[in-house]
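Protein chains: 2
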Amino acid sequence: MRIGLDMMGGDYAPGEAVKGVKLFFDTVTSDAHLVLIGDEAALKPLLEEAQLDVSRYTVVHASQVIGMNEHPTRALKEKQQSSIAIGFYLLQHKKIDAFISAGNTGAMMVGTFYSIKAIEGVQRPTIATLVPRENGTYGLLLDVGLNADCKPENLVQFAILGSLYSKHILNEATPRVGLLNIGEEEGKGNLLAQAAYPMLKDETRIHFVGNVEGRDIFTDKSDVIVCEGFTGNIVLKMAESFHEIARRRGIDDEYIDRFDFEYYGGTPVLGVSEPVIIGHGISHQRAFKNMIGVAERMLETQLLEKIKESFIAK
Amino acid sequence: MRIGLDMMGGDYAPGEAVKGVKLFFDTVTSDAHLVLIGDEAALKPLLEEAQLDVSRYTVVHASQVIGMNEHPTRALKEKQQSSIAIGFYLLQHKKIDAFISAGNTGAMMVGTFYSIKAIEGVQRPTIATLVPRENGTYGLLLDVGLNADCKPENLVQFAILGSLYSKHILNEATPRVGLLNIGEEEGKGNLLAQAAYPMLKDETRIHFVGNVEGRDIFTDKSDVIVCEGFTGNIVLKMAESFHEIARRRGIDDEYIDRFDFEYYGGTPVLGVSEPVIIGHGISHQRAFKNMIGVAERMLETQLLEKIKESFIAK
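Protein sequence lines, in the order shown, are assigned to chains U and L.
FYI, in UniProt numbering the residues of the first sequence are 1 to 314.
FYI, in UniProt numbering the residues of the second sequence are 1 to 314.
Don't take every hint at face value.
Identical chains share a label here; the pair holds if one copy fits it or two copies do between them.
To be verified - Derived pair list, reagent style DSS-like, types lysine-lysine, alpha-carbon separation capped at 30 Å:
1. K237 x K95
2. K22 x K151
3. K167 x K22
4. K188 x K79
5. K117 x K237
6. K188 x K77
7. K79 x K94
8. K95 x K44
9. K94 x K188
10. K22 x K308
11. K22 x K44
Don't read these hints as lab results, they were simulated from the structure.
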């Protein structure tokens, strides 16, 4: 398998990206061949200094970089030699099997939807985040910002996508799906939640366990929590801010440390036909290493084939 | 002023309610006369034990109690001698000037809307929560669960109500209003947020400062944060759960301690014509004391008159 990595994406690229590759090579036994996309001149000294095994990677030169604050659509159009544009070109043409970037999130979204297709039957691809739980495992929350307005059937599809991710990537044998809501009983909530509840209950591809509330997000009441992307994004950003507050206040706690996105690295785009992972702009080496690991696992477990089967079957 | 307090509401009533009254009397200089509504036989020994100044309170007997899990509408209809039903009767008939209960939240809501009116011009009364900020002050977040689905004009009214509360109760001279959203720029967000933004910008009764994200909730980027009640309730419950996690993990931090709802006690219902404060079911003495204090301040500052003027003026 060939995993493409944007070496120029993120505030600390390419230095931290190179370190992340090294960390991956040093700590993970893997057959993955990495395709490192970025400015050759900038990468060369860093790669040499890192003394990476040259048989395990290839550099693909990209002469341009899309800045973190550039307009996504315009930037992708105008900068066809950017690392992100080249990454999607390679993915689209099967030169790589997965693409990872911690660069401009909007450009990654636009690139995903313009260059690779949604899986047949998936109405709205989605982005998910891992949710650290006190018992040491991770839950999954989706959508976290791609779909600010949703229909009930979108939430059902998120539940299916999330369940497959939870099962194959997070090793939950029978992921329990919860609907993020503002009350425990069926019938509670806003119009969307009220309409989604019976549909989730009837859906045979998932194991629905009912509503979960804001206080249940970090418990293991469910393994996959579905919501529209507005609420999901607020939850994600708020959780990150708690981690920052704790760090700022000198609170040293093993569990709260796991709220650091570096632990899980990136956000997979689920429901598209190739693996795409979007990293946080402030990713450091561990985040890069973890994103490579997730991409590898998505390929190894043939997650996308399983998603395709699940949606074709219906 | 006469402040009515449901002595039977909440998991630790009436014991903690009595202790809360004592704490208020002992620590706050106040002319408020408290009307304690509850079972006389149950209250008598507790009140005697507490050795309260008998000139500062009156007991009104209520022979029934609405349980925390009873169906609100049915319970209120069938238990007209309950402390909540009697409290609203007294409020409606001007025998008390404010009503506080930590009892069945649904019954408090139903009681509020059936027995006292919305202020003229207010389309949707709302409930707010205080948000602790690291600088020691409190922000305000609303709606936190009463209005799960909102129109943009509802958010504008929440902004006006919240600004008046922030100004008169929390002493913010010119409260800055933020729209809870998933991006910083105008145009970001779901359809509701996109539509609310320009209306908030045009509203002359508030000082709108733009979008705030999930990571900004606990900062002082704004003093009043508006959102629909679905997201607001998720945020509230999630913040409470962080406090519980921190406590469970033995984290001792002055700021995180302030996430304890006991600090602020209760949730005012804003936009109705009499002061109503709804307490948390697990309120202890400090929460009761603080709720009495908030009710007193709402009366002292004539907050409701100011709200009425603001809505009539437009």
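Each hint, compared with the structure:
Taking CA atoms no more than 30 Å apart as the test, K237 paired with K95 passes in neither setting, with 34 Å inside one copy and 46 Å between copies. In the homo-oligomer, the alpha carbons of K22 and K151 never lie at most 30 Å apart, since the shortest distance is 43 Å inside one protomer and 51 Å across protomers. Taking CA atoms no more than 30 Å apart as the test, K167 paired with K22 passes inside one copy only; the shortest distance there is 29 Å, against 55 Å between copies. When the C-alpha separation of K188 and K79 is checked against a cutoff of 30 Å, the pair qualifies only between copies, where the shortest distance is 24 Å, while the shortest distance within a copy is 48 Å.
With identical chains, the CA atoms of K117 and K237 are at most 30 Å apart within one copy only, with a shortest distance of 28 Å there and 37 Å across copies. With identical chains, the CA atoms of K188 and K77 are at most 30 Å apart between copies only, with a shortest distance of 22 Å across copies and 45 Å within one. Within a single copy, K79 and K94 get their C-alpha atoms as close as 21 Å, which meets the 30 Å cut-off; across copies the closest is 70 Å, which misses it. Proximity of K95 to K44 under the C-alpha cut-off of 30 Å is restricted to the intra-copy arrangement: shortest distance 22 Å within a copy versus 81 Å between copies.
In this homomeric assembly, K94 and K188 never come within 30 Å of each other (Cα to Cα): the closest approach is 46 Å inside a single copy and 34 Å across copies. Taking identical chains as interchangeable, the C-alpha atoms of K22 and K308 are never at most 30 Å apart, the minima being 33 Å within one chain and 65 Å between chains. Proximity of K22 and K44 under a CA criterion of 30 Å is satisfied intra-copy only: 14 Å inside one chain copy versus 73 Å between copies.
Violated hints, listed in ascending order, are 1, 2, 9 and 10; each of the other numbered hints is respected by the structure.
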